[in-house]
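Q: Chain by chain, the residues run as shown.
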Amino acid sequence: MSLATHAPVFIVLLPLTASLLCLLFSRVHRKLGSWIVQAALVGSFASAVSTLYAVLEKGSHTIHYWMGNWEPPIGIEFAVDPLNTSILCMITFLSLVISFYGKPFLKDEDWLHYGGYYTLYGLLTVGLCGMVVTGDVFNMYVYLEIMSLSGYGLIALGGKKSMLAAFRYLLVGTIAASFYLIGIGYIYSMTGSLNMADISVRIQPFVHTPLFAFSVACFLIAFGIKMALFPLHGWQPDAYTYAHPGAAGLISGCMSKVPAYAMIRYFFYVFGVNNPVMGGLLDVMGIMGVCGILIGSFMALAQFDFRRMLAYSSVAQLGYIAVGMAIGNMYGFIGAVLHLINHAFMKSCLFLVTGGISYRFGEVNLYRLGGLNKKMTVSTVAVCFAVLSMVGIPPTCGFFSKWYLMLGAYEGKQFIYIAVLVISSLLNAIYYFRIIEQMFIQREASLTEIHKPETMFGLPMEMVVPIGITGIGILALGIYSMNIVTYVLKLGLPEVFLR
Amino acid sequence: MEALNDFLARRGIYTLVMILFFLGIYGMVLSKNYMKKLMAMNVMQVAVIFFYLCFAQKEGGMIPILVPGDVNPLDYINPLPHALMLTAIVVSMGTTGVALALLMRIKENYGSIEEPDVLRRASK
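Those sequence lines, one after another, are chains A and B. Counted the way the working numbering counts, the first sequence spans residues 1 to 499. Counted the way the working numbering counts, the second sequence spans residues 500 to 623.
FYI, nobody ran anything at the bench for these hints, they're computed from the structure. C-beta: ideal position from N, C-alpha, C; glycine also. Be careful, since some hints might not be right.
To list a few chain A residues with every Cβ distance to chain B over 10 Å, as calculated [said to hold, decoys possible]:
{"id": "1", "residue": "62"}
{"id": "2", "residue": "182"}
{"id": "3", "residue": "205"}
{"id": "4", "residue": "206"}
{"id": "5", "residue": "415"}
{"id": "6", "residue": "480"}
Listed next, with one range per pair, are the computed distances between beta-carbon atoms [as the list claims (entries may be wrong)]:
{"id": "7", "chain 1": "A", "residue 1": "109", "chain 2": "B", "residue 2": "560", "range": "53 to 61 Å"}
{"id": "8", "chain 1": "A", "residue 1": "283", "chain 2": "B", "residue 2": "592", "range": "48 to 56 Å"}
{"id": "9", "chain 1": "B", "residue 1": "589", "chain 2": "A", "residue 2": "2", "range": "30 to 38 Å"}
{"id": "10", "chain 1": "A", "residue 1": "214", "chain 2": "B", "residue 2": "556", "range": "19 to 27 Å"}
{"id": "11", "chain 1": "B", "residue 1": "606", "chain 2": "A", "residue 2": "24", "range": "26 to 34 Å"}
{"id": "12", "chain 1": "A", "residue 1": "6", "chain 2": "B", "residue 2": "578", "range": "42 to 50 Å"}
{"id": "13", "chain 1": "B", "residue 1": "519", "chain 2": "A", "residue 2": "9", "range": "34 to 42 Å"}
{"id": "14", "chain 1": "B", "residue 1": "556", "chain 2": "A", "residue 2": "70", "range": "25 to 33 Å"}
Partner residues aside, some chain B positions facing chain A, computed with beta carbon under 8 Å [unchecked claim]:
{"id": "15", "residue": "533"}
{"id": "16", "residue": "544"}
{"id": "17", "residue": "550"}
{"id": "18", "residue": "551"}
{"id": "19", "residue": "554"}
{"id": "20", "residue": "563"}
{"id": "21", "residue": "564"}
{"id": "22", "residue": "567"}
{"id": "23", "residue": "570"}
{"id": "24", "residue": "572"}
{"id": "25", "residue": "590"}
{"id": "26", "residue": "593"}
{"id": "27", "residue": "594"}
{"id": "28", "residue": "597"}
{"id": "29", "residue": "602"}
Please take these sequences and the hints and turn them into a complete structure.
A: See the structure below:
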């Protein structure tokens with residue numbers, strides 16, 4: 001028994017321990033707690049990478065980690081396969097990088113705020129990682145609530161208007177959690193099991209019953225609310241706009257992607273998409289996704305607030321993931337998962353840059369960014385990468401996920417999706433290129449500096465480095481996307497596509 | 500009459516629970532006071548807890564504590580949903596706590612927890 005066999009549990013355990021100790025140590029020294037959380041995030045990232053290596057070592061296989069060595073249908077297990085380890089690496093990496101970013105915002109705060117922020121931040125990471133790594137249905141509910149509660153806290157820290165956004169998100173998020181509980185209640189009463197692998201076998205005699213359809217609809221509503229799928233996205237623009245700028249990158253990047261992952265896990269791995277109920281459900285998801293893509297893009301076009309525009313753009317981008325699932329063949333699936341990872345990087349990068357702009361100039365209006373390329377060089381370059389990737393121009397990563405989505409739609413003869421993808425790419429180009437136009441071409445806007453630049457890049461070093469890393473990450477994900485698909489994602493395909 | 504009796508015996512409790520659940524959502528959507536919205540949210544969560552407790556029930560089952568000599572599972576009710584609901588109660592308490600804290604801050608900031616007032620002051 002070496003330490004590496006326990007790596008799956010360390011991904012969750014290290015940040016959990018650290019964030020519970022964080023406030024205590026912050027009392028001793030203001031910054032000590034944050035260092036402990038960051039050290040734990042380093043450990044968590046290392047465990048995620050070592051788990052990825054362990055999973056890929058013998059080709060495709062699933063590692064089952066039994067809690068307390070109780071055998072699965074009775075005990076709780078962590079199940080890691082190529083799909084969720086790659087997402088775990090993404091979450092822990094982004095969480096580690098963005099943890100540095102919050103420090104300049106907290107410079108003048110006392111120990112309680114400093115420690116409290118990092119406690120919530122660590123717990124948010126715990127919730128995100130736990131939801132991805134767990135192999136138990138009810139366990140996922142607990143992690144969902146950990147994620148949501150710490151998310152409400154981080155959104156409420158953002159200032160005066162954020163309380164209202166957080167409270168509304170809390171009400172809507174609780175409805176989502178209740179629907180999820182009802183869904184697993186039905187699943188449990190049908191199968192008598194809470195373990196995902198066990199359910200996927202035992203559910204098969206029930207897949208034609210109305211009960212199954214009802215529980216699947218509950219899952220769709222629950223995760224649809226949490227991932228802000230189109231008609232259920234009402235909470236999302238306010239929450240993203242007013243979230244604490246230090247954590248907005250993680251909240252916007254990962255918090256809506258993890259429910260999307262949970263949806264993929266349930267629909268493709270646990271229930272299997274090869275039955276009529278799931279076929280109908282995927283059609284519904286396709287309609288929701290298409291409406292979300294179009295309406296999200298149009299709403300983004302109408303916004304003046306940079307952050308709100310990004311929030312509506314998220315609605316559209318999550319529509320892509322829903323469409324990828326709805327296409328329902330191998331390429332569509334790969335496109336959805338790839339877009340999930342890519343979009344986390346793009347949106348984090350953009351939110352980090354908006355946070356940087358509002359940190360230095362206190363400005364969030366889209367049309368007052370003229371001449372920013374001279375003042376914040378690294379940020380503008382990163383924005384360029386992110387924007388090109390959003391529109392889908394190679395070699396940035398956005399191109400490849402859209403390519404796989406289109407390939408899937410072509411193979412499934414669902415040409416309407418191709419049309420929607422092309423139209424939305426054009427809309428993306430319209431509303432993202434105006435940022436580039438503002439930054440590079442427009443004459444200099446008169447901006448008042450709140451914080452004088454400390455470095456040659458125009459922002460404190462703690463903020464420049466995360467922006468740069470996510471910007472480079474967008475390029476790297478694009479260049480290595482072939483390797484990611486061939487060596488990681490294709491090994492973790494659900495059984496439905498392998499037959 | 501026979502059909503009604505049969506329906507009430509088999510599905511009556513679930514119907515009531517569902518009505519309670521959707522009453523909760525109805526209250527959350529329609530009431531104008533944030534405190535009332537929060538209470539409606541708690542009603543909804545209680546409905547979910549009832550739902551679990553209902554399907555754990557079994558005719559002729561006794562409390563799930565092992566009686567010496569009786570290892571037949573049909574004699575006991577299912578303890579697992581009760582255990583799950585203990586967790587869900589704790590979670591709902593945590594959610595309510597966070598919501599109350601947020602409400603206090605909203606009251607401090609806007610001087611009211613009536614939705615129209617808060618929205619008017621927030622849009623200023």
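Q: So which hints don't hold here, by number, going up?
A: 2, 8, 12, 20, 21, 22, 23 and 24
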